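Trainee: The primary structure of each chain is shown beneath.
There are 4 protein chains.
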Amino acid sequence: MGIKVVIVGGGSSYTPELMEGILKRHESFPVEEVVLVDIEDGKEKLDIIGNLASRMIEASGKPIKLSWTLNRREAFVGADYIATQIRVGGLKARAADERIPLSHGFIGQETNGAGGVFKALRTIPVLLDLAKDVHEICPEAWIINFTNPAGIVTEALLKHSPHQKVIGVCNIPYNMKHSIAEILEVKPQAVQIEFVGMNHFVFGQKVLVHGVNRTQEVLDRLCDDRVDYSPANIVNLGWSKTFIESTRLLPNPYHQYYFQTRDVLHKDLQAFQENGTRAEVVQSLEKSLFEIYKNPSLSEKPKELEKRGGAFYSDVACSLMDSIHNNKEDIQTVNTRNDGAIADLPDDAVIEVNCVITKDGPKPIAVGSLPPTIKGITLQMKAFEELVVRAAISGNYNDAYTSLVMNPLVADEKRSKEVLDELLDAHRAHLPQFYGGKENGKQVHAKVY
Amino acid sequence: MGIKVVIVGGGSSYTPELMEGILKRHESFPVEEVVLVDIEDGKEKLDIIGNLASRMIEASGKPIKLSWTLNRREAFVGADYIATQIRVGGLKARAADERIPLSHGFIGQETNGAGGVFKALRTIPVLLDLAKDVHEICPEAWIINFTNPAGIVTEALLKHSPHQKVIGVCNIPYNMKHSIAEILEVKPQAVQIEFVGMNHFVFGQKVLVHGVNRTQEVLDRLCDDRVDYSPANIVNLGWSKTFIESTRLLPNPYHQYYFQTRDVLHKDLQAFQENGTRAEVVQSLEKSLFEIYKNPSLSEKPKELEKRGGAFYSDVACSLMDSIHNNKEDIQTVNTRNDGAIADLPDDAVIEVNCVITKDGPKPIAVGSLPPTIKGITLQMKAFEELVVRAAISGNYNDAYTSLVMNPLVADEKRSKEVLDELLDAHRAHLPQFYGGKENGKQVHAKVY
Amino acid sequence: MGIKVVIVGGGSSYTPELMEGILKRHESFPVEEVVLVDIEDGKEKLDIIGNLASRMIEASGKPIKLSWTLNRREAFVGADYIATQIRVGGLKARAADERIPLSHGFIGQETNGAGGVFKALRTIPVLLDLAKDVHEICPEAWIINFTNPAGIVTEALLKHSPHQKVIGVCNIPYNMKHSIAEILEVKPQAVQIEFVGMNHFVFGQKVLVHGVNRTQEVLDRLCDDRVDYSPANIVNLGWSKTFIESTRLLPNPYHQYYFQTRDVLHKDLQAFQENGTRAEVVQSLEKSLFEIYKNPSLSEKPKELEKRGGAFYSDVACSLMDSIHNNKEDIQTVNTRNDGAIADLPDDAVIEVNCVITKDGPKPIAVGSLPPTIKGITLQMKAFEELVVRAAISGNYNDAYTSLVMNPLVADEKRSKEVLDELLDAHRAHLPQFYGGKENGKQVHAKVY
Amino acid sequence: MGIKVVIVGGGSSYTPELMEGILKRHESFPVEEVVLVDIEDGKEKLDIIGNLASRMIEASGKPIKLSWTLNRREAFVGADYIATQIRVGGLKARAADERIPLSHGFIGQETNGAGGVFKALRTIPVLLDLAKDVHEICPEAWIINFTNPAGIVTEALLKHSPHQKVIGVCNIPYNMKHSIAEILEVKPQAVQIEFVGMNHFVFGQKVLVHGVNRTQEVLDRLCDDRVDYSPANIVNLGWSKTFIESTRLLPNPYHQYYFQTRDVLHKDLQAFQENGTRAEVVQSLEKSLFEIYKNPSLSEKPKELEKRGGAFYSDVACSLMDSIHNNKEDIQTVNTRNDGAIADLPDDAVIEVNCVITKDGPKPIAVGSLPPTIKGITLQMKAFEELVVRAAISGNYNDAYTSLVMNPLVADEKRSKEVLDELLDAHRAHLPQFYGGKENGKQVHAKVY
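Protein chains in written order, with this note's numbering: chain C, 1 to 449; chain A, 1 to 449; chain X, 1 to 449; chain W, 1 to 449.
Treat the hints as calculated values from the structure; they're not laboratory data.
Computed from a prediction, not measured in an experiment: that's the story for all the values here.
Since the list gives no way to pick one copy over another, a pair counts as held whenever it fits inside one copy or between any two copies.
Calculated cross-link-like contacts (lysine to any residue; reagent style SDA-like; alpha-carbon spacing at most 20 Å):
| id | residue 1 | residue 2 |
| --- | --- | --- |
| 1 | K206 | N327 |
| 2 | K132 | I39 |
| 3 | K414 | R221 |
| 4 | K375 | D347 |
| 5 | K206 | Q164 |
| 6 | K206 | E185 |
| 7 | K206 | D224 |
| 8 | K267 | G105 |
| 9 | K206 | N398 |
| 10 | K375 | R390 |
| 11 | K206 | S179 |
| 12 | K206 | E140 |
Build the full structure now, drawing on both the sequences and the hints.
Mentor: Shown next, in the form of structure tokens:
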């Protein structure tokens with residue numbers, strides 16, 4: 001009995017990578033059926049991707065059945081894995097998440113600050129609904145969620161969905177591991193980084209190569225060489241020797257938003273004036289990607305895809321499904337329930353942590369208490385994430401406000417309200433919990449302001 | 001057997017207020033002897049204050065013995081209470097704490113941000129040394145510490161001194177209580193505010209009048225009227241209705257640094273360009289105060305003193321000593337060991353909290369878990385304070401750096417170093433733990449940078 | 001506007017004491033109306049008590065309206081304080097709680113071990129129901145619960161009732177305070193004992209007289225003199241010098257069940273063979289008490305009442321109501337929500353702790369972490385109490401079993417079941433949650449075994 | 001460069017098993033040198049074992065260098081793994097640990113109750129001393145400790161030794177896994193049990209076969225069949241269906257001491273009257289074992305060894321060393337620092353838990369909060385263990401007393417002292433921390449009583 005994988009957001013430009021991952025693992029992870037699902041608005045892209053994926057399968061010679069559909073519930077029948085890579089409101093919504101905070105002098109970014117809050121507020125209801133369907137139709141299936149902010153979204157699902165087989169994934173830990181391997185000139189499989197923290201706020205606190213501690217060497221190299229393990233979408237500003245030596249931790253690329261705020265803001269405002277928001281840059285990137293995808297002679301993932309930030313998402317997701325399927329008990333870094341792994345955080349917090357991957361799900365490896373240097377900011381970020389989840393569920397204006405004002409990238413009691421009001425308005429169509437549904441356009445939960 | 005009170009930093013312009021407090025409580029708190037202590041540099045001021053205090057006692061007709069001295073250890077013999085109100089480095093040091101951060105675009109303030117860190121780094125070794133003397137010479141005496149940052153300093157003493165009879169006091173909770181009483185048109189004694197947090201980062205979460213909950217009414221008034229319970233040294237910018245309604249908490253005046261950062265910075269930079277640092281303003285204020293103090297016909301606390309920020313410090317400190325002496329078991333808000341009173345913070349953290357005041361010391365009243373809205377930022381601030389205490393003890397450059405970079409008002413990994421280096425240099429004479437003593441000027445602990 | 005007090009279980013032999021307490025406090029706590037409530041089965045006793053109380057009021061000359069009734073809901077209208085002193089199943093049920101465990105070789109006691117578990121299982125549903133009525137009819141009223149096991153019952157109410165104005169009281173801390181005062185030859189009001197733990201499992205860890213620490217002296221006296229602060233119903237076996245010196249804590253009389261188990265069991269089995277259960281002794285005591293109460297010339301609490309174990313309950317309860325009414329902010333030891341006061345226990349655990357008593361309820365004074373010597377057993381007892389509350393709510397057979405097997409006085413996996421089955425059967429009429437109501441006698445929740 | 005293994009307590013009857021384990025793993029774990037170390041008193045046995053081990057190596061044909069010595073420090077030079085299987089005071093001491101408690105009506109057992117406390121008190125100073133040597137001579141070596149009570153001893157080492165490369169092992173989890181595999185008729189390698197708790201107090205809370213949850217099936221079988229996964233030294237009394245169904249946990253064989261105390265005590269007292277203590281039984285068992293070992297034609301582990309309780313210790317220890325050496329990242333159950341893996345226990349507590357075994361040591365897999373049913377007893381046992389460690393270090397009489405009186409198998413404030421005094425006296429020669437060294441026989445720390 002073969003494996004059925006459903007890709008929700010199947011019309012995404014990332015799907016070819018995921019297909020490639022499935023194809024190249026066919027021996028150990030024998031997928032029998034793939035269904036791509038998308039919404040009405042994404043129909044055109046879905047067709048392009050569907051056709052490309054078909055050609056890829058054909059070229060590979062693997063016996064995989066492929067279909068694409070707008071009917072999510074039908075697609076779920078008999079599914080084993082549901083990969084979710086959706087973007088509620090599309091790149092247009094992302095543009096608002098970036099533009100509005102920037103216009104008030106705050107970081108405008110897809111997964112951090114005010115933008116990240118709103119991406120969460122839009123995404124959580126949709127994925128909760130999806131999880132309800134999964135729980136009803138294919139209760140044994142694992143949801144592998146790539147949708148950002150992956151940590152917050154996974155926490156919302158694990159706290160509020162009856163479906164508990166949910167794992168959040170991100171390519172950042174994977175990229176860090178590969179970059180470190182490159183620096184140390186060893187194979188990535190030989191490297192383990194002990195991660196501590198949350199998605200997009202994770203630090204590496206120990207680097208082991210074949211089990212031998214080489215952390216000091218890596219820290220030295222980070223200082224000397226300004227090693228860049230940023231994804232394509234983040235410009236690395238380099239970390240100071242003092243920061244690295246004082247924390248003795250490996251920051252991740254997103255930490256620049258928190259510890260280089262002023263410089264990043266300056267750079268982003270400049271970029272915004274020159275090229276518009278990152279969303280708009282991506283939009284044009286995507287446009288040309290889809291032109292390439294349409295080419296009927298293309299039957300593999302094109303090189304151009306790597307320019308997008310999500311490189312290796314496919315490897316992360318496919319390795320995870322492979323290890324679950326085969327109860328491999330290998331170590332992968334995913335977003336899952338804390339359960340004490342970081343002693344200072346609540347059991348039901350979702351963290352990004354090394355896990356033993358089993359058929360029974362990921363088992364987090366305990367890392368003990370947070371390093372004192374990052375204890376404060378990590379606790380704050382987690383408390384902020386809890387406020388976002390609360391607001392996403394309640395649809396309460398004040399809850400949304402507190403999540404903004406308590407985010408270290410906003411933290412301005414008057415401007416928070418301005419940013420909040422503009423973002424609520426911009427995303428009105430995708431915030432039913434705040435506006436009480438679209439049927440009559442009448443606002444229910446959201447405050448008149 | 002009468003009470004002996006020693007005032008360390010006796011030459012401070014605040015001392016007349018303290019004297020007034022002692023005189024007016026003489027019946028319930030019969031002080032027999034007061035000794036004012038100061039250092040060589042403060043000799044002139046000490047003489048002026050000593051003479052004024054003499055005249056105040058004489059005018060009151062109370063049988064109190066007064067003396068002033070530069071010999072701290074002699075003064076401690078037989079002491080019951082040691083009030084500490086010192087300023088290591090004087091207003092000149094304060095000016096650096098304000099000027100240097102401002103010049104890099106950060107809040108430059110005496111007790112918050114980078115300035116607060118350095119005030120702590122200078123003060124902690126001096127007070128630890130003082131506490132060692134107290135423990136040796138008058139081990140039963142209580143240290144009543146007003147020296148800022150009062151919470152951090154008290155935490156350092158309770159964690160690192162053999163002398164454990166130490167209480168930190170601040171006039172902020174007292175002022176908030178009095179302002180609320182005024183708003184509600186009741187007597188201050190009828191009001192209890194349930195405080196939660198740390199010194200200069202404390203919130204009020206419940207207002208009781210004669211035990212009746214009137215929190216909602218107070219919150220409404222805070223929104224409507226922009227009620228000002230700021231001390232004289234802080235300009236109130238007003239809190240938005242949304243902030244008050246969303247947190248449902250009473251902020252304290254110092255919260256503007258954290259939630260109105262941009263506006264405060266703008267205002268402070270302007271003020272700086274116009275009048276120099278607050279330290280310089282205070283310097284000139286003090287100068288005229290001391291002129292007034294010199295007047296041989298003055299035998300009471302002059303009205304002009306109230307313009308300084310510390311109004312009511314005297315009431316706070318004298319009430320506290322009175323209640324300890326008489327085992328009053330009344331409720332006062334002081335800085336003391338947490339011991340679970342705020343469930344989310346470590347037992348050995350110092351918090352600002354309502355306590356039952358007994359001869360056996362303050363007993364904190366438990367307030368349970370932090371409100372979710374301020375959980376994150378409060379945990380971060382406490383973790384930051386721990387980093388400051390660590391740096392003050394270790395004299396380690398990297399420890400000082402992490403305390404700066406993890407302070408939400410700095411949080412810039414490159415500029416933190418610049419600010420740190422300039423402040424270390426400016427305060428070199430008062431940071432023996434970083435520079436290894438003054439005898440040969442050779443730097444021991446501090447890194448060459 | 002005067003105060004209305006309702007006494008539920010008004011027909012109890014303790015009521016005259018409570019009446020005395022109300023009468024003697026009339027000046028500061030001006031009760032205007034007292035209603036005694038009881039159930040059909042207690043009608044005869046209620047009449048006797050009602051008449052005695054009437055005579056007591058008349059003799060006192062205080063303007064208090066008295067009535068007695070079987071209609072609880074009517075009695076609650078306009079009530080300010082509800083004192084609950086019920087015994088579900090009466091002394092007959094108590095006899096089973098004592099006899100059945102004893103017959104299997106376990107401690108058979110009203111509030112500890114298997115007997116305590118079943119008293120809780122019978123009482124919790126009745127008081128939850130009562131609290132629901134209170135919440136509906138007189139939502140501002142305080143429930144002052146004396147019903148044992150007072151700690152567990154209070155925890156159940158605070159966790160599962162919408163009515164949160166509930167305080168549990170016990171005379172043990174009061175008795176300990178008074179005994180210590182006697183030992184030290186000081187007034188009870190001068191003594192504060194810092195208590196730590198739960199009802200019937202509370203230790204004293206510090207004795208202050210007028211705020212001065214005299215713990216060592218008390219510990220010495222406890223060793224030397226075998227000071228007896230046991231209530232009338234517990235025979236003191238004396239504590240060894242080693243135990244007192246090693247723990248440096250003041251045990252309470254009920255600790256003998258846990259640390260002198262074998263000796264107590266031996267003594268209790270002997271007493272059982274000679275006089276039957278304690279319930280039966282009490283039954284005959286009560287019989288003669290009620291004979292005395294009937295005497296129409298009696299118009300005060302008779303001396304004979306003190307032979308019952310509950311002496312001073314009245315003082316405890318009336319002092320509490322007085323302090324709430326007058327927002328006295330004095331310190332009393334009651335059972336209330338932990339909220340961090342004992343740092344190792346959950347916030348929502350009910351503990352027995354010194355509190356500041358206000359109109360807004362009791363505010364626990366934080367005592368920090370448990371002393372290491374009693375940390376283990378205290379944590380176990382609290383976890384056991386949580387299991388009892390869970391079983392009382394769920395009516396689940398396995399939940400009841402685990403609460404028994406995890407009680408240190410039972411802890412026998414096979415005999416636990418035997419004891420459980422016999423007790424379930426004996427108390428069938430009073431365990432609707434296990435047997436699904438009485439209407440058709442059909443068992444719903446309880447397992448067939 | 002080959003591996004050097006030192007076996008401390010090399011003269012133990014278990015050593016042949018360990019040798020067998022080393023020999024059969026030679027390919028993946030290429031040991032080059034084995035040194036057996038013992039003390040003067042064990043010289044004769046050491047010679048017998050040394051000769052047997054020589055013959056075993058010869059028979060195997062593996063190129064392993066073997067030696068035996070009384071000079072521990074010399075043996076440590078260049079060592080990679082130190083296996084510690086000592087018995088301070090020998091079987092004679094064990095006999096006292098068993099006899100003395102039994103004679104007072106308490107469980108007399110080697111690793112539980114009063115006997116376990118004294119085994120810890122004797123062992124901890126010796127192993128701390130050994131660890132100091134290791135840290136000095138071969139700081140990179142791992143100490144693999146089998147010496148009981150393995151959990152407490154490991155906690156003492158990790159808390160008080162500079163040498164942190166210490167892992168405690170026990171065959172109980174291994175045996176449980178193998179028994180479950182047998183019951184389910186699958187290979188042991190396919191089975192993972194999620195363990196929660198401490199050494200000799202560990203429960204299984206989930207059974208996975210190839211990652212598939214089969215816990216319910218196992219629980220059913222445990223009830224039906226009274227499956228016996230006890231080691232040879234413990235007679236299984238069978239667990240009741242109600243206990244298994246109510247806790248939904250797999251007890252380990254030692255849990256009978258806690259939940260079947262009365263029956264075990266009865267059985268043990270009977271066995272004691274018939275055959276003397278277990279120590280004496282073992283003594284005669286050992287005698288005949290050593291007779292067999294002497295046989296110069298024996299060159300393999302004899303079958304008779306399995307009658308001792310420690311079967312499979314070898315597999316546990318050798319698998320562990322193999323996985324460390326090869327950085328296998330497989331899952332094994334060992335005793336290591338908690339670090340949050342069980343959220344309710346302190347970070348620095350030692351627990352018995354599934355770990356990923358790496359060259360950098362064991363990494364515990366987080367299991368979250370304790371199941372509510374066993375939360376209380378587990379917390380108590382851990383707090384008890386902390387008291388034992390404290391007493392072992394302090395040599396303080398009162399500390400030893402509290403560890404006894406707070407053990408659930410003793411818990412008698414008067415008899416604890418009697419048992420304590422007799423055990424202190426019996427083990428005087430091996431309790432230097434209590435008696436201040438042997439040189440002059442003068443007691444230093446232990447109280448005169």
